[in-house]
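Undergrad: Once you have looked at the hints, place chain V on chain W.
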Amino acid sequence: MANPSLTFDRPQRWDAAFDPEMKEAAIERLLATAPFSRMKVDNFPARLPLRDILKNDTRIHTYRRGELVMREGDYGTSAFLVLSGTVRVVLGPSLPASMLGRRLFFRKNIFKAVAQLWAYHREPESFSVRELQKDLSATAGDNQGKETRVFLQDVPRILDKHKTAVIEGGEFFGEIAALSRMPRTASVFAESEEAELLEIRWQGLRDLMKYDAALRLHIDQIYRERALAVALREIPIFKNLSVETLGKVMARTEFGTYGDYDWSGEYKRLLQTEGMRRQEPAIAEEGDYPNGVILIKAGFGRLSQKFGNGHRTLNYIGAGQIYGLQEIAHNWRKPEAPVSMQYTLRVMGYTHVIKIPTDVMEGLVLPEVAKSLLPPLVTPPAEDRVATSAEGDVALKIGADMLEFLTENRFFNGTATMMIDLDRCTRCDDCVRACAAAHDGNPRFLRHGPISGKLMVANACMHCVDPVCMIGCPTGAIHRDSFGGQVVINPSTCIGCKACFNNCPYEAIRMVEIRDERGDIVLDTETKPILKATKCDLCVEQITGPACAHACPHGAMARVNMNDLDMFSDWLKR
Amino acid sequence: MRFSQQRGFGLTVLIILSVEIVLLHWFYAGSMTHLAYLTGWGLLSVILLLALYNGRKKVPFFPLLSSEEWLQFHIYAGLLTGVIFAVHISYRIPTGWFQGILAALYLLVMASGFFGLFISRSIPKRLTTRGGEVLFERIPAVRRQLQEQAEKLALESVGQSRSATIAEFYLRELKPFFEGAQNCTSHWSENASPVNHILTKISDVHRYLDEQERATLEKIAALVRQKDGLDYHYAQQMLLKLWLFVHIPLTYSLLVFTVVHVTLVFAFSGGAK
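If you read the sequences in order, they're chains W and V.
Going by the numbering used here, the first sequence opens with residue 1344, and the numbers climb by one from there.
Going by the numbering used here, the second sequence opens with residue 5, and the numbers climb by one from there.
With the rest of the complex left out, here is chain W (with noise of 0.2 Å):
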């Protein structure tokens, strides 16, 4: 038997402690300290007590008056509990983007877009003395090495020109986004002169509620309070249903999170030495009772179906896209027929589901949704054949190779995925040169990539539905754009950190050495080059929109959303 290339120590749960220096008289005053102190520390197992959670998946930390503790529209792995002092939340209208260490990209004219033509620096990546000072000033004073505090100016004026909620001690806040993955919807700074906050990463908060029902409660209701109700109304079979309804089915909601939060590293050393599939706990399985409807809120599932000895990908779903509907509409209506999962759903990465049981959807709400919203009887399979459900057409639209190509290597997660049809492109690179003249020399992606096939999904940033490379920016310089949606860098408020560089599973970032205006290489105090981060920006200011896709002259090349399949198959017909 042949050797594997390539062995590590798997990881191990606290191998790294958020804080590695949490000292144990800190873990007996927050044992001490609601709500912990009314936990039942035998609720939790031997391999998972209370006083290990709290020592590897927390830290406490001491926050200034105007100082940021999460700005919206981030991505944050964790929530906060209020210590001591009060916090902040901005309600609205939202804080500026300068402020939140943001740029706003506008479009050019056709004046700036002729221009150019001369106004980009002789070197790549030149920076001028004023946006290098500017750098200085996001980053200096409270960054020493480790942390990156940000402080807003002129906190009375916040207050007088936004509406703001106080949080004090006891309460939470950050914990829907942790839970559920998606962005932060407030910007929260600490108000009095030191607020002392508990942060907790998403894996200890899931754990004490798991363990701990009161938390549990609490937390789900929060939930149920500000997002569930918005969640489920985005689905057609719940958009009519009455308030009252809908009430009794948001109380019976279950909720769940599956897999690994922090995919996205993990993922880049799996691929070099097992198959994916071994990684991806299944949510339901085929030939399962249907026990109820599942509504992805965050992350992707993979649908599949028994083939042979293995399984054969069907689909991936995602965000607002729901399972077990079709079975469970079908029971109901054929009682004397009835049918098991037609599909297994598996977990890609991390996902957080919103599950309504059977007979909540057996009595409240199938009972209440026109017959037209119904999806159609099933029709079970031959033994000889696959599935020609809808999930199954997927399969046969762009074949069942590129499915799992897709799946495997997680470029559904691509909202501007770049493919290149091989079978066309001369390797001209003229999309090179075209993103490096829109882009001050500096080209953004790599013609190069995986490949099946004829198509090459190339080394460029996909503009992710789930965008993990904004996991922890300390200084919020990626985000997304405001307008258009796509993720972008503020590169006068990155600070090299490589977050996001090694968050990002699709090799799409890079770090480049910055330059002063006489093309020179900037150095630190320790001459050490200083590194920006840059990536695809999917041209958000040009014009013409991405120049790669526009200078291509083959049409080898187009920036794909692989949530629209439809539109993938259509453009690998053509």
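Hints were generated in silico from the structure; no laboratory data involved.
Chain W regions said to be covered by chain V (calculated; three or more residues, Cβ under 8 Å):
(1) 1454 to 1468
(2) 1764 to 1771
(3) 1775 to 1784
(4) 1879 to 1893
Now the in silico label distances, taken between C-beta atoms and shown as ranges:
(5) E1597/W / G136/V: 48 to 54 Å
(6) A1625/W / G135/V: 32 to 38 Å
(7) P253/V / F1454/W: 32 to 38 Å
(8) E160/V / E1856/W: 36 to 42 Å
(9) F1454/W / F77/V: 24 to 30 Å
(10) I1886/W / F13/V: 22 to 28 Å
Positions of the beta carbon are idealized from the N, C-alpha and C atoms, including for glycine.
TA: Frame of chain W, contents of chain V only:
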């Protein structure tokens, strides 16, 4: 729009315009004294538009239609110039030496364009079928890696088997093959005999080797196949880049000669009527 629809649309427009030009020329040939001026200026205008495509590529951020649309125009307008050129010279072969050079330049530009179109449509498919996709700029580095691996295997075989058969064979037969890009013309014509020749020589050496050496030589043979694939990519990608170095200078030469031609025509305008 599908490629087939794109092609259908382009060809339809081309045929309609070509027929119109030929008919109009036939209809007015006897009555219009300055018809050669009209077709000449028309031809020059279309050629100038075609030549602008290279300039358009330098400013990809201008909202001047996509490069794909420009290329489609370039192909079909280029074909249309053939018709305009034919009516301009009244379907006769130019007799003067200057006119002959001008016509020859035009035909060379046209031919190089056809050649470019042909290879732009055929080589990508060949490269995809062959596999082993590699960036052209990375080829020398990959080649060096393969060479180093082959040399290492050849050297190690001496220590392992106390025999220099493989090392000597490598020096004699394989070193030149690994040192640079090889067999470009064979790759262009899809002729695999050079690499088959090397692989046959490798098979012939087998009879002088023990089992361990044979395993080593098999690894070297695998590297030979990889190197051949790399050479294939190098040859084909180089051809895709090189043809433009013929097409574009010829176009500029054609433009220069055309300017001289226009000047001469107006200087001796009596001759053009």
